[in-house]
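S.K.: Dock chain D against the given chain S, drawing on the hints supplied.
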Amino acid sequence: MASWIPLWLHKLGSPPTFYRFAGALQPWAMALALLLGAIGLYGGLVLAPADYQQADAYRIIFIHVPSAWMSMFIYAVMGVASFVALVWRIKLAEVVAMESAPIGAAFTFITLVTGSLWGKPMWGTWWTWDARLTSELVLLFLFLGVIGLYHAFEDRRQGARAAAFLAIIGIINVPIVHFSVNWWNTLHQGSTVNVFGQSKISADMLWPLLTMTLATKFYYLASLFSRARTDLLALEGGKDWVRKIAEDEASR
Amino acid sequence: MNALQQFLAMGGYAAYVWPAYALFFAVLLADTLAPRLRRRRVLAELRARLARQSARQERKPLSTPASP
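Protein chains in written order, with UniProt numbering: chain S, 1 to 252; chain D, 1 to 68.
Same shape as in the complex, but just chain S:
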């Protein structure tokens, strides 16, 4: 591989090194996720005032919007990891891509159901086939398609390559989800949080929302580490380092 890639990155790509690295960081990521989640939810459910139009129903935003952002973020990570896996055939990239899919599917599912629970009292309907909702549903099907294709092959690495290809094609849907509220007339409200300009939301509501966003990022990291570690054990079952772990855990 190219010589401009630092040595430590090569080392991190080796399964036993990554296994130890992820194992050391995983508890910290989970602790941060729980801490930030607790702070964010206290701010969102208790401290933030009720909305002038939507009263207390708007409080679903503190899980709905971070989950929606995560669904797109995880898809993007999966797409990039899939690209790396296909081009450079790095085993760890395959693992990251394939183990991101269930987490992404979980967040997409949460987004759809919490959105539905929010839509019923505000729009008067659980579901409508408009651009934002439909493209988010397509995102869920893409995640499920990647998971399904991956498991459809007898050979796991062959399955990962096929699924990685699907993940890359599906990445076209991510900007569609993001811009759907601008491109089409939709029941779904536009963006309230603006990274580059003034957000259309009170600071009392914004900080819990951003804290929850950080919490879900750390949660993803923790879940991915835990899943990747398990997957590496399954993938490298015949190797000495995995045998040693199996024997160590039996004697405990």
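It is worth saying that the hints were derived from the structure and are not from the lab.
You may find that some hints are simply not true.
[As the list claims (entries may be wrong)] List of simulated lysine to aspartate or glutamate pairs, EDC-like, C-alpha gap at most 16 Å:
1) Lys200/S / Asp51/S
2) Lys244/S / Glu45/D
3) Lys91/S / Glu249/S
4) Lys120/S / Asp130/S
5) Lys217/S / Asp31/D
6) Lys239/S / Glu45/D
7) Lys91/S / Asp130/S
M.R.: Here is chain D on its own, set in the frame of chain S:
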């Protein structure tokens, strides 16, 4: 109505807000537990395979016929 009851009532939207939060935590809890259970299963299967292998290796000298 005391403060806690008022909080739980969510201004009349309790039937929408709390199920949303319950689902959020239920799904993420399942997502956290899944790899832990899988890890246990993977390691148990690996140990079983190693045990079978070493058993086969120990049995081999006995199973060969003693005399021609």
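S.K.: Evaluate each hint against the coordinates.
M.R.: Do the hints match the structure? See the list:
1. Lys200/S / Asp51/S: Holds - the C-alpha atoms of Asp51/S and Lys200/S are around 13 Å apart, at most 16 Å.
2. Lys244/S / Glu45/D: Holds, at roughly 14 Å.
3. Lys91/S / Glu249/S: 25 Å, violated
4. Lys120/S / Asp130/S: Holds - the C-alpha atoms of Asp130/S and Lys120/S are around 15 Å apart, at most 16 Å.
5. Lys217/S / Asp31/D: 14 Å, holds
6. Lys239/S / Glu45/D: Given pair Lys239/S, Glu45/D holds - Cα atoms ~14 Å apart, limit 16 Å.
7. Lys91/S / Asp130/S: 39 Å, violated
The structure fails to meet hints 3, 7 from the earlier list, while all remaining hints are met.
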